[in-house]
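Two chains, each in its own frame: build the complex with the hints.
Each protein sequence line maps, in turn, to chains A and B.
Under the numbering used here, think of the first position of the first sequence as 1, with each following residue one higher.
Under the numbering used here, think of the first position of the second sequence as 1, with each following residue one higher.
No lab work stands behind these hints: they were computed from the structure.
Treat the hints with caution; some may be incorrect.
[Said to hold, decoys possible] Heads up, simulated DSS-like pairs for lysine-lysine below, C-alpha to C-alpha not over 27 Å straight-line:
id: 1; chain 1: A; residue 1: 666; chain 2: A; residue 2: 600
id: 2; chain 1: A; residue 1: 227; chain 2: B; residue 2: 39
id: 3; chain 1: B; residue 1: 47; chain 2: A; residue 2: 491
id: 4; chain 1: A; residue 1: 14; chain 2: A; residue 2: 372
id: 5; chain 1: A; residue 1: 462; chain 2: A; residue 2: 5
id: 6; chain 1: B; residue 1: 47; chain 2: A; residue 2: 150
id: 7; chain 1: A; residue 1: 491; chain 2: B; residue 2: 39
id: 8; chain 1: A; residue 1: 377; chain 2: A; residue 2: 227
id: 9; chain 1: A; residue 1: 14; chain 2: A; residue 2: 329
id: 10; chain 1: A; residue 1: 528; chain 2: A; residue 2: 600
id: 11; chain 1: A; residue 1: 462; chain 2: A; residue 2: 372
id: 12; chain 1: A; residue 1: 372; chain 2: A; residue 2: 567
id: 13; chain 1: A; residue 1: 567; chain 2: A; residue 2: 703
id: 14; chain 1: A; residue 1: 372; chain 2: B; residue 2: 39
id: 15; chain 1: A; residue 1: 528; chain 2: A; residue 2: 377
id: 16; chain 1: A; residue 1: 14; chain 2: B; residue 2: 39
id: 17; chain 1: A; residue 1: 666; chain 2: A; residue 2: 409
id: 18; chain 1: A; residue 1: 5; chain 2: A; residue 2: 150
id: 19; chain 1: A; residue 1: 5; chain 2: B; residue 2: 39
id: 20; chain 1: A; residue 1: 588; chain 2: A; residue 2: 703
id: 21; chain 1: A; residue 1: 588; chain 2: A; residue 2: 635
id: 22; chain 1: A; residue 1: 227; chain 2: B; residue 2: 47
id: 23; chain 1: A; residue 1: 462; chain 2: A; residue 2: 329
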Amino acid sequence: MQLEKIHYDNKIVKAFIIATVIFGIVGMTVGLLAAIQLFYPVFNFDLQYTSFGRIRPLHTNAVIFAFVGNAMFAGVYYSMQRLLKTRLFNDTLSWIHFWGWQLIILAAAITLPLGITTSKEYAELEWPIDIAIALVWVVFGINMIGTILKRREQHMYVAIWFYIATFVTVAVLHIVNSFEMPVSLFKSYSWYAGVQDALVQWWYGHNAVAFFLTTPFLGIMYYFLPKAANRPVYSYRLSIIHFWSLIFIYIWAGPHHLLYTALPDWAQSLGTVFSIMLIAPSWGGMLNGLFTLRGAWDRVREDVVLKFMVVAVTAYGMATLEGPLLSLKNVNAIAHYTDWIVAHVHVGGLGWNGFLIFGMLYWAIPRMWNTKLYSSKLANIHFWIGTLGIVFYALPMYVSGVVQSLMWKEFAADGFLKYQNFLETTTQILPMYMLRAVGGGLYLTGVFIMTYNLLKTAASGKFVANEEAEVSPMVKVAHTGGYWHHVLEAKPVLFTVLALVSILIGGIIELVPTFLIKSNVPTIASVKPYTPLELHGRDIYIREGCVGCHSQMIRPFRSEVQRYDPKGGEYSKAGEYVYDHPFLWGSKRTGPDLQRTGGKYADSWHFRHMLTPGEVSTGSIMPAYPWLYEQQIDKSQTAAKINALRTIGVPYEPGYEDRANEDLDKQANRIVEGLSMEGLDTSADAEIVALIAYLQRLGADIKLEKVATNQ
Amino acid sequence: MYKNVLQSIDHVAIWPVISFLIFFTFFLVLLWWVFTADKTFIQEMSKKPLYDGSEPNHDAEPLN
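Bound conformation, chain B alone (with noise of 0.2 Å):
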């Protein structure tokens, strides 16, 4: 059923290269926008956890 509705693909090799290449680019622009992120965000956003809003001690901070 699948096969008749999409018949064949020539050059089949092809596909892995094409689509680790598309990883390989998402990577990299990831990997650039990591180490370019701003620092005090990546540090609010590391402390996400800590604060439910029901700690007593609410604007505490945690030891570094």
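Extracted from the complex, chain A is given alone in its bound form (with noise of 0.2 Å):
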């Protein structure tokens, strides 16, 4: 048979990989102050766009789709290429692809420490970004599409099928969970309220996880470690049960992360059931993973990158058992809000997609340098290094967890909570969060030493831009009769809707159900639209990221009652949010829940708590918010929220954003005239005062009136 010259494109590989180390830099340094910060308050620097509640979602936007999002594509681009025998389907939409992809990266690197947020976690990118990022993911999904149409292997290899899952599912569960409302260029509400939005959320956060951090990094191990041990996967019989089930079940279990909150008891049924289910894929994908290594483990003592990418699936076995067991009901009620979770993602982050990227960068660039790896001495240092930093992040994080989560259920003998003041169970824990950035900084370092031994590897070869290869032209096979999967691998388009399928059932039933059901969320008849003061006050709290560190939803249990509404003894109800746009949920406890915080302290308490939180409470590591002193709220966004609020049904009569601001004002001077009482001066139009408006009204609600049922 004639053999065909091609040729590879290494050029876009490389730029992928540039930008991945360089973000991967960025990423964990801002990853590494944001751990410091909860230890040392101080290096909030009293600076806004330094403070805690943007730097974090800086920090996970810049690991997830900066670090993680790059060397996916690098990933991707170079063993798609090779698996289907073609160049990539067209230059210009490659480089579109990488240009947009760094432009999207950088409107998020400036507009998150502006406060610029939707505080959607891993979506807070507000609405032009989310457009942006919607539009170069299409570019991908054609350039992908493309590529594998005008391949010369009649058969897709198990990696192309999970970035066709990666590329489809990512678009749908962006698109549907950027529904929002534009107020103005940099402000947006979210297009669904309360239980809703935290439903499509978590559906849309979880498999961000799986569809973002898994299956293009399971599609990457099946190419990247057969090619590193040079063997053939080990069985790829069960890499086929492995994909569809694992797409097909991972789709359901969102709900898991909203266990004994107000979302309806049987979606919260479905996520647990199906994230139980997920062990069986996930760890049959490990299994496959590590077996490829039968026979070649001797190789794994010399190897580097053999050794990165078996800690790496390691890793992910590890992951995706605590997950499922994070999922049960009586597990989760110990863990969820506790930094339990924190050290559950970061098993996943720093081991199973932190060490298959070194490992693959490791394996790649000798190769597209065409030349040997600098030094492995380095490179094992890197691997150690890097192995203790994620010892050392976990294992403090999973004994904060626990501690968190005894200190907060603990009862004294008189029946009360040991620990009434939440300050205690933090102030407990801060020797876990030094270790903990010690871990951070372990592994920082390690990529220090990676990027130099990289960078002395490409010095020290010449870069084959375009990689020469040999290659048949693709001869088809008629098949007759029986393996239609066989049949299915040959036919991409197929192939993609029936991937489409398979995650669109999981998301509709899921999510349709609790949208219409009108007993999904009893109504409350005392719960009424924020006043426009407080809308301003919500959208600070949005702006300052405090749902990073503050929940709003008190679980049904004894010692959540009790702490959070002592008075009135009651939990969080799925009516209380229905004119939430966003939900302010939030997932971690750093502080205390605030969903009835309402009316518990003096308004002159909450001016001077924000002002300097670690005098009024003595030991907190909460950051201090001086701009809101300083700052004025821009009364001339009022009538366009409202506006944008009634539209997506939050009931403000016709005509109110003509008034609101004559309410505001009342209100706010109401708050003025309060806190001079008390010899405390500030401007009505302060930033402040709209936030304690805002403070002051959480849960105040549910206070006046009994629950009036719909039925």
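Listed below in structure tokens is the structure:
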């Protein structure tokens, strides 16, 4: 057969690799800063752009979308060309994809410190950037599907299926979760409210982990691990089962992020059942990866690439066993809102994603530069320092999580909470936070060592921009009878549609009933829309990222009800959130829950506390917010906010937008008068006034009336 | 908005059951296919990553 000469595009892979390393360093450095802020609040610098609430989303977005995202594109573009025996579909599209993605990262790096955020975790970016993400993602999709269509291999290898599922699902997740009503260029409100917003968000959040951090990297594992081991994949059969069951089951598991919340019970149970089922495909995949090394384990001792990959796959196995266990209601009751979850995601992030990426880089860069790795010794040092980093990160967070949970729930003999002051439980775990920063620092040091090693490697070789390959043209073999999947692997478009259907089934069945069935959200007659001043306050709460440390969801446990609503004795009800666009339930309690904080403290307490938290509550690690006392509420936005919210279903009277600022002034003046009686002077337009109004409103409605269920 | 379009659904409890059955059936068919699939095809596919077309020793069989 006549062999054809083609050239693989290494240049685009190189660009994505450079971006990976740069943003890896940036994202992890920001993470280290956030870690240090938690035990030395002085590192918030009393500056709004560097306070924890804004730094945390910068860290998560940078490591997920910039570091892991760029690595994903590098791995996908490298392996896809070689698995399909063709150059990428279109070089221009590849570069639009690359620069488009970097511009989005730049936009995120500017807007997040400015406090421009939707507050929905891992979907914080505002609507214009959301649109840009969708466009660039489509470019990636066209380039990928185009490459598949012009392939010279009849059958698509399993890695390609994972890439297809990634493209299709992330598109669906991003679009559905990003429905929002713009108020201005940099502000929008989530289309959904309260419980529904929470369900959509965690359907997205969970599947962002599944289809951004997992499926593309399983594809990368299925290509690079056999490559590095020079062994065929252990069981191709298992990989087929792995793929279909993983993508089908994953999409259902989102509600496990909302156990014991106001989400309807049936949805919670669905999340738990599917999470447990997930163990099977996840471990199937892990074992398939590890067994690929059968007969080559001796090489794992010597080959640093394999070392990284073995730890990566093992971390994947640990995280995917832990995840389903955390989805059991009894385990979740203990672990949710604690640092246990932080440990869990970092075993996945540092272990699975990080180490697989490092393995891939150590393997690919010498080949792309046609040379040998500069120093195996340095790579080994990186391996050990990185592994130690993971251990030093995860273990303190596990200890911290368990300590938090035990202290939050402990009752004294008199029937009251033993640690009534939440702060006692925070100060207790500060040593763990310090150790965690040591772990993160070690891990980051490893990345610096890797960067040096890779730069030296590249300098010692010559970059092969267009790698030559000899391939045979595709010969189509007709299939007769039987093997339908066999046929499917040769039909990429049909395959893509089927993958889409698989993930849509779970998504639709989970989301639609929650939106439709009224009994899922019993209304509470006394719950009214926010006043204009409270609305501004709520937007400041969103801007400052308060949700990063404070939940607004009291679970139905005696310990939580007694801690957060000792007088009313009410846990959180779905009906309380019907006007919350977006929901602000939060996912972690570094500080106490705030759902019933209204009326708990005087306005003057909040006024002093936000200015000097450490003086009002001795030992508090909360950042100070001095700028709230200088900056003014933007009253020109009030009407637009009211209009936007009315469009998405909040019942403000027609024409209220014209009177809203009068109400705002009245309420602000009342607060300012009250403060001045205690000798605290501030302007009625100061942002702190709006924030106090909002905090005092929290949970106030339910105290007014009893639940009037709508049956 | 979406509420007005879609109105309400009765017997919501049946939804998860139906969907579980769809998945389970798909999974059984998949298992059946996997275990009856052509062995040489499976072996050929499992070696896919090992040949890029750029290796010096193009026809070399990897160790098993």
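Here's how the hints hold up against the structure:
For the hint pairing residue 666 (chain A) with residue 600 (chain A), the CA-to-CA distance comes to about 22 Å; that is within 27 Å, so the pair holds. At most 27 Å may separate the alpha-carbon atoms for a hinted pair to count; residue 227 (chain A) and residue 39 (chain B) meet this at roughly 22 Å. Distance check on the hinted pair: residue 47 (chain B) and residue 491 (chain A) sit about 20 Å apart at the alpha-carbon level, within 27 Å; holds. Between residue 14 (chain A) and residue 372 (chain A) the alpha-carbon distance is near 17 Å, which keeps this suggested pair within the 27 Å criterion.
For the hint linking residue 462 (chain A) to residue 5 (chain A), the alpha-carbon distance of about 21 Å falls within 27 Å, and the restraint holds. A threshold of 27 Å between alpha carbons decides the hint, and for residue 47 (chain B) with residue 150 (chain A) the separation of about 21 Å falls inside it, so the pair holds. Distance hint between residue 491 (chain A) and residue 39 (chain B) is fulfilled; the C-alpha atoms sit about 21 Å from each other, no more than 27 Å. For the given pair, residue 377 (chain A) sits about 22 Å from residue 227 (chain A) by alpha-carbon distance, which is consistent with the 27 Å threshold.
For the given pair, residue 14 (chain A) sits about 45 Å from residue 329 (chain A) by alpha-carbon distance, which is inconsistent with the 27 Å threshold. With a C-alpha separation of about 20 Å, the suggested pairing of residue 528 (chain A) with residue 600 (chain A) holds against the 27 Å cut-off. For the hint linking residue 462 (chain A) to residue 372 (chain A), the alpha-carbon distance of about 11 Å falls within 27 Å, and the restraint holds. With a CA separation close to 69 Å, the supplied pair residue 372 (chain A) and residue 567 (chain A) exceeds the 27 Å bound.
For the proposed pair residue 567 (chain A) and residue 703 (chain A), the alpha carbon gap of about 10 Å is at most 27 Å, so the pair holds. The hinted pair formed by residue 372 (chain A) and residue 39 (chain B) fails the criterion: a straight-line CA distance of about 37 Å is larger than 27 Å. Under the criterion of a C-alpha separation no larger than 27 Å, the hint pairing residue 528 (chain A) with residue 377 (chain A) is inconsistent with the structure, at around 65 Å. For the hint linking residue 14 (chain A) to residue 39 (chain B), the alpha-carbon distance of about 38 Å lies beyond 27 Å, and the restraint is violated.
For the proposed pair residue 666 (chain A) and residue 409 (chain A), the alpha carbon gap of about 42 Å is over 27 Å, so the pair is violated. About 15 Å separates the Cα atoms of residue 5 (chain A) and residue 150 (chain A), which keeps this hinted pair within 27 Å; it holds. Our distance criterion of 27 Å between C-alpha atoms is broken by residue 5 (chain A) and residue 39 (chain B), whose separation comes to about 31 Å. Distance check on the hinted pair: residue 588 (chain A) and residue 703 (chain A) sit about 25 Å apart at the alpha-carbon level, within 27 Å; holds.
A threshold of 27 Å between alpha carbons decides the hint, and for residue 588 (chain A) with residue 635 (chain A) the separation of about 32 Å lies outside it, so the pair is violated. Distance hint between residue 227 (chain A) and residue 47 (chain B) is fulfilled; the C-alpha atoms sit about 10 Å from each other, no more than 27 Å. Only pairs whose Cα atoms come within 27 Å are accepted, and residue 462 (chain A) paired with residue 329 (chain A) is rejected, the gap being roughly 56 Å.
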